[in-house]
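Protein chains in written order, with the working numbering: chain A, 1 to 292; chain B, 293 to 624.
Source of the hints: derived by calculation from the structure; they are not laboratory data. As the structure is a prediction and not an experimental result, all values here were calculated from the model. Glycine included, every Cβ here is placed at the ideal spot set by N, Cα and C. Hints may contain errors.
[Unchecked claim] Output of the computed footprint for chain A on chain B, the stretches with three or more beta carbons under 8 Å from beta carbons of chain A:
id	stretch
1	393-400
2	405-413
3	458-468
4	581-588
5	591-599
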Amino acid sequence: MFFSLDLLAQALVTGILIGGVFALLSVGLTLIWGVMRIINFAHGEFLMVGMYVVYFLVAKGGWDPYVTLLVSVPVLFVVGAAIFRLTIQPILAHPSMNQIMLTLGLSLILQNLALVLFRADPLIAQTAYSRITFSLGPAIVRVPQLIAFGGSGLAAVLLYWFLQKTDAGRAIRAASQNREAAVLMGVDVQRTYLLAFGIGSACLGVAASLMVPFYYTSPTVGLWFGLVSFVVVVLGGMGNFIGALVGGLIIGLTEAFGAAILPGSLSRVFTFAIFILVLLFRPQGLFGGSRR
Amino acid sequence: MNKYTIAFLAILLVVLFLLPLVAGEYLLHMIVLVLLYAYLATAWNILGGYAGQHSLGHGVFLGIGAYVSTFLFIQWGITPWLGMWAGGAVSALVGWFIGYVCFRYGLKGPYFALVTIALAEAFVYLTSNVDAIGGAKGLEVTWLGHRPDMMEFDGKAGYYYIILVMAILGVIVTRWLYRRRSGYQWIAVRENEDAAEALGVDTLRAKIEATVLSALMTAIGGTFYAQYFTYIGPRSVFGEGPSVQILLFAIIGGLGTVWGPLVGALVLVPIAELARAKLGGSFGGAHLMLYGTVMVLVMLFMPKGIIGLAQSVRARLTRRAANSSPSAKEAA
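Construct the complete structure from the given sequences, taking the supplied hints into account.
Following this line, the structure appears as structure tokens:
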């Protein structure tokens with residue numbers, strides 16, 4: 001073996017921790033897909049918007065990164081809901097390719113707006129947590145990543161509880177399972193869509209606050225994370241909540257192990273290879289998609 | 293075509309061929325960009341517009357065309373005039389493979405879009421890590437001076453003539469295919485695949501054909517891209533960015549129409565280039581914001597593009613004319 005056990009242990013730890021964040025990114029996307037069959041190609045750019053909000057609060061406002069949740073979550077909810085209401089809702093009945101092109105256009109706008117406003121340089125926020133680490137056997141755990149993992153898990157549990165136990169959550173699930181029946185049962189489907197899109201985007205607000213302490217912010221940061229969340233969502237089955245969580249961990253581990261074995265950014269090719277193979281051979285995902 | 297159309301096209305051709313005699317370098321550069329993007333969008337339109345399979349990864353083919361010819365050029369001094377066919381052949385092969393695998397397993401709509409965008413990004417990371425082709429830094433085309441045999445020219449006129457011929461050929465090829473068996477089969481696949489299958493169309497074959505042709509044409513555009521801009525890098529030719537730019541003009545001009553890509557590029561590229569020239573220093577990316585905005589507006593208000601809008605306006609006008617003419621007769 002030309003790589004050490006220590007390195008693999010480290011990859012395992014990093015993979016799981018990052019995988020948790022990937023899971024949170026993807027839960028939002030899969031929720032939106034499950035409810036209204038839209039692939040939001042601006043998903044990663046929404047995250048980027050959230051990360052800039054958090055970065056400026058932390059770096060310029062001196063906020064604690066985790067307190068920024070109070071701002072990032074509502075901001076992303078409003079941004080998501082407003083963009084949905086103004087652009088996506090009017091063409092919900094159009095062919096799915098039109099929606100894809102529209103969200104691609106949105107991602108171009110947001111990405112380049114960030115470029116115009118903040119330049120291309122990656123911004124790194126130094127926080128009190130950024131450098132804290134502890135060792136776990138042979139591996140080193142970075143505390144902000146651990147917090148991100150825990151926070152993502154908590155957010156996913158909260159969202160799951162919301163979908164299962166509240167009236168609004170039941171309405172969202174009803175609309176995703178059978179639109180017509182939901183309408184007949186008195187569910188206001190358009191409002192439910194708006195809510196689902198807002199919540200799907202708000203997940204990215206949570207992710208943004210959790211990521212800024214250990215990840216740089218740049219106009220193109222959403223490109224990679226957006227693609228990762230597509231990979232995870234397809235892997236877990238489009239619209240499958242639990243599948244997105246498991247898929248997030250799988251891709252997190254794939255990336256971490258790939259980076260341990262392969263030089264440079266070549267490990268990312270692995271992620272795409274898995275993606276393409278799953279799309280070809282199990283387009284319903286490893287765990288099946290949501291019921292229509 | 294009636295004789296007025298033919299006369300118009302003949303005059304247009306003469307004007308286009310004499311243009312470099314009067315146009316300045318900047319205007320010529322603008323027209324080269326218009327023609328390049330029109331040509332690339334025309335190539336994309338064969339698969340995306342006619343056969344209805346929306347690829348979000350045409351950067352793969354653009355990049356292959358650019359990289360193959362440039363590598364052959366700087367490594368062994370092989371002229372890009374040959375390199376473009378080598379790149380085209382490799383790209384066609386890759387296109388065949390992608391088409392075969394995707395369509396064999398019945399990928400369509402959003403799923404095909406996702407696979408192609410993933411491929412485009414995968415190629416970015418693949419090429420970034422191969423040092424023989426410049427890694428993340430990319431490749432620079434060696435400047436040998438004014439060498440038409442090496443597709444290198446002083447000034448813009450030489451490049452202008454090449455891309456003009458390519459764009460004209462692109463339009464001729466699509467127009468020709470439009471009226472042929474292949475074109476009808478692609479449109480049948482796009483409109484209703486099951487029905488096409490039931491009528492005996494080999495839909496798999498039709499879709500692969502469209503992919504291969506589209507890949508070949510895009511790659512030849514890639515060689516031109518490399519020679520014109522003299523620098524290529526993984527992000528500048530393979531990734532999501534160039535992939536979206538290729539399809540943009542076809543969508544905005546009018547999906548699945550012969551003239552849509554040209555109209556789209558003709559309307560948008562000059563505005564975007566002016567925005568880039570005026571704001572580029574302080575606001576890099578302003579022109580891409582403009583593209584994004586137009587794309588959103590087109591999807592919201594005129595999903596059939598500029599050509600589609602023009603057609604529906606004309607239809608309304610003829611209907612109005614038809615309605616009003618009887619009353620006009622009565623009045624007389």
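Each hint, compared with the structure:
{"no.": "1", "hint": "393-400", "verdict": "holds (count 4)"}
{"no.": "2", "hint": "405-413", "verdict": "holds (count 7)"}
{"no.": "3", "hint": "458-468", "verdict": "violated (count 0)"}
{"no.": "4", "hint": "581-588", "verdict": "holds (count 7)"}
{"no.": "5", "hint": "591-599", "verdict": "holds (count 3)"}
Hint 3 from the earlier list is the only one contradicted by this structure; the remaining hints agree with it.
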